[in-house]
Amino acid sequence: MSSFNFANGPSLLNVHPLKSTSLVLTANTGVVNVVDILKPETSEFYQLETQAFVVSSSVSPTGAYVAFGDTEGTIHLLSSVEDDDLPFNGFDGQPAEWIDAPEPIPEIEWTDDTPLNAIGVPYYSDYLLSAYDKDFQSVPEYYPPPMKIPPQIMSSLRQVDGLAFAQMPKELQGRRNVISTAGPKRQGRFRSEKSRRNGGSPPPESPLDAQRGDRVPRHYQRVEIEYSKFGVEDFDFAFYNKTPFSGLETHILNSYTNALVQAMHYVLPLRRIAKSHITTPCAREYCLLCELGFVMRMLEDAKGINCQATNFCKTIPNVTSANTYGVVDYVQDGQETNYGSKIQIFNRFLVENLRVEGNAAPRNPVINPAMAPLPSSSVPPPITQLLSINSKSVTVCNHCKRSREKPDTAHIVDMIYPRRLASNEALPPSDFASILRNSLLRDYTHKATCQFCKQLTIQQTRRPLAANELPPLLLINASVHNDDAQRFWHDTRTTRFLKPFLGLDVNTEPSQAGGLVSESIDHSSDLVWYELRSMVIDVRQDEKRSHLVSIIKVPEAENKPDSPSPWFMFNDFSVRNISEEEALSFPSNWKIPAVLYFERIDARETLEFSGLPMQVDPYILSQDISLSVVRDNARKAHESLQVDEFPKPGTVVAVDAEFVQMQQEETEMFTDGSRRVIRPARLGLARVSVIRGSGPKEGVPFIDDYIHTSEDIVNYLTEFSGIQPGDLNPHMSSHTLVPLKVAYKKLRLLIDLGCIFIGHGLSKDFRIINIFVPPDQVLDTVDLYFIKERQRRISLRFLTWYILQQDIQQETHDSIEDARSALALYKAYQEMEEQRTFDAKLDELYRAGREHNWKPPSATKTSPTPLHASPTLSHASPTFFPRSVSPPFSSADALQNQFQAFTLDPQFRSPYLPLSPDSSFSRPYSPPRTPQQNHSGHHRGKRGTGSGQQWTSR
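To get my numbering, take the position in the sequence shown, counting from 1, and add 10.
One or more hints might be untrue.
Below, computed lysine to aspartate or glutamate pairings styled on EDC-like, alpha-carbon distance capped at 16 Å [unchecked claim]:
#  : residue 1 : residue 2
1  : Lys865    : Asp817
2  : Lys509    : Glu590
3  : Lys285    : Asp762
4  : Lys29     : Asp46
5  : Lys352    : Asp424
6  : Lys646    : Asp634
7  : Lys402    : Asp453
8  : Lys509    : Glu529
9  : Lys798    : Asp853
10 : Lys402    : Glu479
11 : Lys509    : Glu591
12 : Lys402    : Glu415
13 : Lys509    : Asp441
14 : Lys798    : Asp849
15 : Lys865    : Glu821
16 : Lys313    : Glu259
17 : Lys707    : Asp654
18 : Lys865    : Glu854
Have a look at the derived ranges for each label pair, beta carbon to beta carbon [stated by the list, open to error]:
#  : residue 1 : residue 2 : range
19 : Glu310    : Asn569    : 14 to 22 Å
20 : Tyr340    : Ser720    : 15 to 23 Å
21 : Glu310    : Val366    : 21 to 29 Å
Hint data in this document are derived by calculation from the structure and do not stem from the laboratory.
These figures come from a predicted structure and were not determined experimentally.
For each residue, glycine too, the CB sits at the ideal point set by N, CA and C.
Let the sequences and hints guide you as you build the complete structure.
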């Protein structure tokens, strides 16, 4: 090919579409050269009439037109066609459809009689302010009312020509045009304020509460706990939850995980595995599966009463991989977190830890028969049997056509959405079933060096699956991280992206439909059917703020006539029954899916849970476990239970606990001096004591455990807890020191055995311990010695002084002493009820309390006549003596190994022995009479478990 010259310097080059040897060269000065490269001498030159630079050029498909664009936005057209009949593309297309021209606005001549409806109203899609019903107004129509004129001014008012005026009195001078501002309005609802409410019913719902458009409905918005002077116990959680299903509180670090915990709790196979794990001798001090099982057991027993996942959330930072995954929620002022992405990372972190912690190989039971191992292999962990997708990843080289395989196991499916396609590419199926099928198969191409032909080639990778390889539970991370992914979930006018049932077909190609989503199951098809059980939803109130809720199909609410729908929305401690349409609808960008749980329908009957242990070994009550390496056995205050002392239903025990402060209270101060509690002080269990309530050893403790913690303690609260620095250190403590989980399991076992707990202020103690005790298993002396109308709860110290003629808590508190006092008060209550003198004594008690300001006088003053003598037991309150100790363990692992040696001691692994029918400690329990059953008296029906308006410390 010969060369040719173009003196102006070509900037743009176009090839003639019909003559491949012809080129159109264009300089930025507007010189155009049309040349045939085989015959350069026949070139043609043209000059565009422009003073601007030419920046673009294009030749039409017919070759008859050349268009040029310059920097001034002008298009220049060169053509060899003499008339304009030839279209640019060589053929006539369909004529363009233009919208109808709007009718001209009519001319209106304004007169006094012209009606206002002659003016049209513009179209709108949102609610107008005029559409708001006056019945929904919570304040009067004219509010605030005008300020009243002070009477001092009204008395000196004078009128001149209809104008009234008066001189400003001296007492009002200096405050003119000054508005006094009140403190921040408290929005919370408290039990102590119920008597001042008009009926206590919630405000009526407005049209803005409905799930439509871009507005976040009220019940989806973030809920926060408010704190009164009586603490968090005074918050009216029942106002936000009128269902039999419990919510979780939010004032805890890492409480963003509440939504995922709720979503997992109502997936019954996961609940069974978690509840089974807490019955095993787990040797880990920080075990997420144990804590998850405790939370699920608490949610199952509470039946609508609010719960807390305190121990679960507290365990998260202590797991080794927590910082690697970045799942710890370090709350920082001014920093907003995308909790939708964070909960998906935590989901992967949690499943991985549950898999490891639940692995009891080689003793793993077979739950999923489809994953029964070969004789040479072991049974996988229970979580793996429910969630695992075991397959092989096949990679094929496009050059040598050879393939290689490698095992591929996944517990979570990350959704992969179709990318934006070019105009000439075929659109792939974009329904939920097809996107999920493609996410399972993961069919993609990439460049890599082939291991066989050693060439850098394009390779295609795919994970082929068979129907029998799909797991019983399908756990999905929605992976909606941008607007392109979110648009797939939005509802259309005719259908929804998500439906309650999913049919999967993993045998089709990626370009074909991967199944269907349906309102019902089609058993005639060859699809693998799943049912949606729960979802975690990211609610975006604006671009920065987000929080999580869970939408769950509750198994206990299915097929019940009194439940309008089995779908419930769990917004932390706010629980609400919603319709299926609302549950599966994604109307706008404020509702974003994060995590989804599907349950395989044909696997429900095949899963086998009979191999899971479901009963706690009662011999934990007989074990003498201690992490302290310098424990002084001579000062041990408790005596473990013998086999013939194991409790039966109705066995009475007395309990008390002491706490230390793990985190200081966070408050917000206002300019007017008022303050608001943002996050209350967090307390941790430091000591728990349980004593026998009957039998020959009545009053003797069988549990007196100090709780080991690796967290920093802010305040030991020695004056109120009796805990000294060093008491919780395994290298310095002379007491019986155990991990929190061991003490928790003992209390959990006593609850399951049906024990009746006696104590003072037990509701707060159990709340901090993070355990739920059924109300019919609690006898709280703070409620027995209480008149609801007096609105005063009496401290244990004053009750013991007045009723038992004993002075306790002189210097510090002691949990054994407090438990014995509560037991003696209960015995005194029973004695006075039998003598029908309790009502009169209760009146005397309140009169004495007002007289002494609810504090016992000094020991030198005369005490009242005793009504009941306490058991004469020798008990020395343990005291901490500092001593020099060389720690024998150099790491936490060695300490855990010591704990494991205690828990796996063979002498405690003997079979469970039957209880002796004549065991004195297992004497049948006869409950006290209810307030309605009490004898005649003017206080009848006033004592019980009703909520009071004042709270006192023990």
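What's the verdict on lysine 402 and aspartate 453, does the C-alpha distance respect the 16 Å limit or exceed it?
Holds. Lysine 402 to aspartate 453 sits at ~13 Å (cutoff 16 Å).
Is lysine 865 within 16 Å of aspartate 817, Cα to Cα?
11 Å, holds
Next pair to validate is lysine 402 with glutamate 415; report whether the Cα-Cα distance is within 16 Å.
Roughly 6 Å separates the two Cα atoms, so the pair holds.
Given the hint that lysine 509 pairs with glutamate 529, does the C-alpha gap stay at or below 16 Å?
Given that 16 Å is the threshold and the Cα spacing comes to 6 Å, the pair holds.
When you check the alpha-carbon spacing of lysine 313 and glutamate 259, does it fall within 16 Å?
15 Å, holds
Is the hinted pair lysine 29 and aspartate 46 satisfied, with a Cα-Cα distance of at most 16 Å?
9 Å, holds
Straight-line alpha-carbon gap lysine 509 to glutamate 590, limit 16 Å:
Distance of about 9 Å is within 16 Å: holds.
Does the Cβ distance between glutamate 310 and valine 366 fall inside 21 to 29 Å?
Holds, since glutamate 310 and valine 366 (Cβ atoms, about 25 Å apart) stay within the stated range.
Taking 15 to 23 Å as the hint, is the beta-carbon distance of tyrosine 340 and serine 720 inside that range?
18 Å, holds
Does the structure keep lysine 865 and glutamate 854 at a Cα separation of 16 Å or less?
Given pair lysine 865, glutamate 854 holds - Cα atoms ~15 Å apart, limit 16 Å.
Between the alpha carbons of lysine 402 and glutamate 479, is the straight-line distance 16 Å or under?
11 Å, holds
Below or equal to 16 Å on CA atoms is what counts here, so check lysine 509 against glutamate 591.
The given pair, whose Cα atoms are some 9 Å apart, holds under the 16 Å limit.
Checked against the numbered hints listed earlier, the structure breaks none of them; every hint is satisfied.
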